[in-house]
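Position chain Y relative to chain W; hints supplied.
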Amino acid sequence: MTLLAANAAEGVFIFAPGMLWDFILIASLFVLVFVMIQRARVGLPIPEIRKIAGLEAIDEALGRATEMGKPVHYSPGMSGFGSEMYAALAVLSYVAKMAAQYDTRLIVTTRRPYIHPVASDIVKQSYLEAGRPEAFNPEDIRYVSEWQFSYTAAVMGIFQREKPAANLLIGYWMAESLVLAEAGAQAGCIQIGANTNIFQIHFFIVTCDYTLIGEELFAASAYLSKDPMLTGTVVAQDMLKIAIGCLVVIGTIIATVKGDAQSLIDFLSL
Amino acid sequence: MKKQLPLIVVAVTAIIVMAVKFIDLGDFGAATIKELDTWSQVTYEFAFLLGAINLTRLHYGNVSKKRPKWVYSVIALIAMVAAAIITLVNGVKGDVTVFVVENIANRIDSAVYALLGFYVCSAAYRSFKLKNVEATLLLGAAVLLMLAQAPIGDAIFPGISKVGEWILSVPNSAGMRGIRLGAGIGAYAASIRVILGLERSWTGS
Chain W
1 MTLLAANAAE
11 GVFIFAPGML
21 WDFILIASLF
31 VLVFVMIQRA
41 RVGLPIPEIR
51 KIAGLEAIDE
61 ALGRATEMGK
71 PVHYSPGMSG
81 FGSEMYAALA
91 VLSYVAKMAA
101 QYDTRLIVTT
111 RRPYIHPVAS
121 DIVKQSYLEA
131 GRPEAFNPED
141 IRYVSEWQFS
151 YTAAVMGIFQ
161 REKPAANLLI
171 GYWMAESLVL
181 AEAGAQAGCI
191 QIGANTNIFQ
201 IHFFIVTCDY
211 TLIGEELFAA
221 SAYLSKDPML
231 TGTVVAQDML
241 KIAIGCLVVI
251 GTIIATVKGD
261 AQSLIDFLSL
Chain Y
1 MKKQLPLIVV
11 AVTAIIVMAV
21 KFIDLGDFGA
31 ATIKELDTWS
41 QVTYEFAFLL
51 GAINLTRLHY
61 GNVSKKRPKW
71 VYSVIALIAM
81 VAAAIITLVN
91 GVKGDVTVFV
101 VENIANRIDS
111 AVYALLGFYV
121 CSAAYRSFKL
131 KNVEATLLLG
141 AAVLLMLAQA
151 PIGDAIFPGI
161 SKVGEWILSV
171 PNSAGMRGIR
181 LGAGIGAYAA
191 SIRVILGLER
201 SWTGS
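So the sequence lines, in the order shown, correspond to chains W and Y.
Going by the numbering used here, the residue at position 182 of the first sequence is 182; the numbering climbs one at a time, nothing skipped.
Going by the numbering used here, the residue at position 181 of the second sequence is 181; the numbering climbs one at a time, nothing skipped.
Incorrect hints may have been included.
Going by beta-carbon spacing under 7 Å, a handful of chain W positions derived as facing chain Y [said to hold, decoys possible]: (1) A16; (2) M19; (3) S83; (4) A90; (5) V118; (6) D121; (7) I122; (8) E139; (9) R142; (10) V179; (11) G214; (12) S221; (13) T233.
Okay, derived cross-link-like pairs now, DSS-like style, lysine-lysine, Cα gap no bigger than 25 Å in a straight line [claimed, not checked]: (14) Y/K21 / Y/K34; (15) Y/K65 / W/K163; (16) W/K163 / Y/K69; (17) W/K241 / Y/K21; (18) W/K70 / Y/K66; (19) W/K241 / W/K226; (20) W/K70 / Y/K69; (21) Y/K3 / W/K124; (22) W/K70 / W/K163; (23) W/K226 / W/K51; (24) Y/K66 / W/K163; (25) W/K124 / W/K70; (26) W/K124 / W/K226; (27) Y/K2 / W/K124; (28) W/K241 / W/K51; (29) Y/K3 / W/K226; (30) Y/K65 / W/K124; (31) W/K70 / Y/K65; (32) Y/K131 / W/K51; (33) W/K124 / W/K163.
Negatives, chain W to chain Y, calculated, CB over 10 Å [claimed, not checked]: (34) G43; (35) E48; (36) E60; (37) M68; (38) A130; (39) I253; (40) I254.
Hints listed in this document are in silico derivations from the structure and should not be mistaken for laboratory results.
Please read these numbers as outputs of a predicted model, since none were measured by experiment.
Note that beta-carbon positions come from the ideal geometry of N, C-alpha and C, so glycine has one too.
So that you can see chain W by itself, here it is in the shape it has in the complex (with noise of 0.2 Å):
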């Protein structure tokens, strides 16, 4: 134990402390993805992402604004770029060719400026492959505040003036979440909500008709380009989860017969 102590505070071989088990889950998950790709790439088989009711309700969302006749609000979150920020804006890629093709009109709220230039693209470019470049228009794509409230008292403003059929909050989400939740439901819109972050999860729980809790977030590139390519990735985080999930249940079996589990964490920590 005390060589392990020893070894977690000065790192193992090159590795800095603390941080041989991480590479691990890095280098595996590398792996896992090439892997998959491989076997997408070949033609072999993937196993396909289960239905998420969150992501088959986009479309439901759009018909709807169409039949409304009224607009979408898309916002990608609070976060700057990071995995979240990448999800949302496969999704946001995904609702726009979708709005370009149903003729509907999208607002897409941001809150760092320099998510604004990428989302505008994104937008412009959806409605380019769609062929209805006309259609495209620069001030629906709109920067707003830094400001996390004044951020969350614009877009409650543009629920009031505009009346979206639908609102898709797609991305990682802080205090504001329920505010814009309940705003969103109290203009009478249709609701997609999707969080990681655990504290404000349940807010879109009860407030949105479709949440996508946690992960279905991560795996929503995949489930709607329907790309094998994609699916793989996917796959493989999953059979990390379940290796994860098997050292949980050891890590569960020795502290319940040792008392405690803390030689498992002392390796771990490496």
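For chain Y alone, coordinates are given in the frame of chain W:
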């Protein structure tokens, strides 16, 4: 090239950051991260200018075309220009700038945040309706936990606070950790998709 360059920049930067994080490179590692932070900050400042331009274009359009409720756009433009002038003239930490931030901006921010209290009530009212099995379970758990947290709960049902504590620390924690674990691994996988260039919708393709 317009689509390829961002992918290359992201992949190379991600490899550098991962190498610095995983391998003990001492001062070199710290200096690398600091340098990348500076680059990121510079990029951010440029993007901020783009945001301001977009905001001005949108609200100027509202005012010039007299769109419905264009008066709000006038207020937004005046506030933006005034804040910019005050900060440029008085400095970021100047008395007037600090006064405006603390006594106007922060107060308005707090007022919007305070709406949360009212929205919790309206959201609870709608979601606690007995419409299906899930809503019934939610209602049952909510009533039990509210009673467990309030002093009157133990007076009515002795020992209910212990049940509430157990619900929070065992099934609730288990569920939250499960979601966090799944989201964490999902985030890793999403990052790998971006690094390998499999996920490229953010480049507009």
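Okay, the hints, checked on the actual structure:
Because the smallest distance between the Cβ of W/A16 and any Cβ of chain Y comes to about 4 Å, under 7 Å, the interface hint for this residue holds. Look at W/M19: its Cβ gets to within about 5 Å of chain Y, closer than 7 Å, so that hint holds up. Given the 7 Å rule on beta carbons, the hint for W/S83 holds: about 4 Å separates it from the nearest Cβ of chain Y. For W/A90, the interface hint holds, since its Cβ comes within 7 Å of a Cβ in chain Y; the closest pair sits about 4 Å apart.
For W/V118, the interface hint holds, since its Cβ comes within 7 Å of a Cβ in chain Y; the closest pair sits about 6 Å apart. Of the supplied interface hints, the one on W/D121 holds, with its beta-carbon coming within about 4 Å of a beta-carbon of chain Y, less than 7 Å. Interface restraint check: W/I122 against chain Y, minimum CB-CB distance 5 Å, threshold 7 Å, status holds. With a cut of 7 Å, the hint placing W/E139 at the interface with chain Y holds, because the nearest CB-to-CB distance is about 5 Å.
At a threshold of 7 Å, the smallest CB-CB gap from W/R142 to chain Y is about 6 Å, leaving the interface hint in force. For W/V179, the suggested interface contact is upheld, since its CB lies about 5 Å from the closest CB of chain Y, less than 7 Å. Because the beta carbon of W/G214 sits about 4 Å from the nearest beta carbon in chain Y, less than 7 Å, this interface hint is met. Given the 7 Å rule on beta carbons, the hint for W/S221 holds: about 6 Å separates it from the nearest Cβ of chain Y.
Checking W/T233 against chain Y: minimum C-beta separation of about 5 Å stays under 7 Å; hint holds. About 13 Å separates the Cα atoms of Y/K21 and Y/K34, which keeps this hinted pair within 25 Å; it holds. Our distance criterion of 25 Å between C-alpha atoms is met by Y/K65 and W/K163, whose separation comes to about 20 Å. Taken as a hint, the W/K163 and Y/K69 pair is honoured in the structure, with Cα atoms around 14 Å apart against an allowance of 25 Å.
Proposed proximity of W/K241 and Y/K21 is supported: the alpha carbons are some 23 Å apart, at most 25 Å. For a cut-off of 25 Å, the pair hint linking W/K70 to Y/K66 stands: about 21 Å separates their Cα positions. Among the hinted pairs, W/K241 with W/K226 is consistent with the structure: their alpha-carbon atoms are about 22 Å apart, no more than 25 Å. For the hint pairing W/K70 with Y/K69, the CA-to-CA distance comes to about 18 Å; that is within 25 Å, so the pair holds.
For the given pair, Y/K3 sits about 14 Å from W/K124 by alpha-carbon distance, which is consistent with the 25 Å threshold. A distance of roughly 7 Å separates the Cα atoms of W/K70 and W/K163; the hinted pair therefore holds under the 25 Å criterion. Pair hint W/K226 plus W/K51 holds up; C-alpha atoms about 12 Å apart against a cutoff of 25 Å. At most 25 Å may separate the alpha-carbon atoms for a hinted pair to count; Y/K66 and W/K163 meet this at roughly 19 Å.
A hinted pair counts as satisfied when its Cα atoms are at most 25 Å apart, and W/K124 with W/K70 qualifies at roughly 20 Å. Straight-line distance between C-alpha atoms of W/K124 and W/K226 comes to about 22 Å, which keeps the hinted pair within the 25 Å bound. Restraint check for Y/K2 and W/K124: the C-alpha separation of about 15 Å stays at or below 25 Å, so the hint holds. Pair hint W/K241 plus W/K51 holds up; C-alpha atoms about 19 Å apart against a cutoff of 25 Å.
At roughly 22 Å between alpha-carbon atoms, Y/K3 and W/K226 fall within 25 Å of each other, so this suggested pair holds. Distance hint between Y/K65 and W/K124 is fulfilled; the C-alpha atoms sit about 23 Å from each other, no more than 25 Å. Restraint check: the Cα-Cα separation between W/K70 and Y/K65 comes to about 21 Å, which is no more than 25 Å; the hinted pair holds. Using a Cα cut-off of 25 Å, the hinted pair Y/K131 and W/K51 holds, with the two alpha carbons roughly 24 Å apart.
Taken as a hint, the W/K124 and W/K163 pair is honoured in the structure, with Cα atoms around 23 Å apart against an allowance of 25 Å. Remark: the non-interface label on W/G43 is consistent with the geometry, its nearest Cβ contact in chain Y lying 17 Å away (cut-off 10 Å). Distance check for W/E48 against chain Y: the nearest CB is about 17 Å away, which clears 10 Å, and the non-interface claim stands. For W/E60, the requirement that its beta carbon stay farther than 10 Å from each beta carbon of chain Y is met, with the minimum near 19 Å.
Non-interface call for W/M68 relative to chain Y: holds, since the shortest CB-CB distance, roughly 18 Å, exceeds 10 Å. Every CB of chain Y lies more than 10 Å from the CB of W/A130, the least distance being 13 Å, so the non-interface label holds. Chain Y leaves W/I253 outside its interface by the beta-carbon criterion, the shortest separation being 16 Å against a cut-off of 10 Å. Distance check for W/I254 against chain Y: the nearest CB is about 18 Å away, which clears 10 Å, and the non-interface claim stands.
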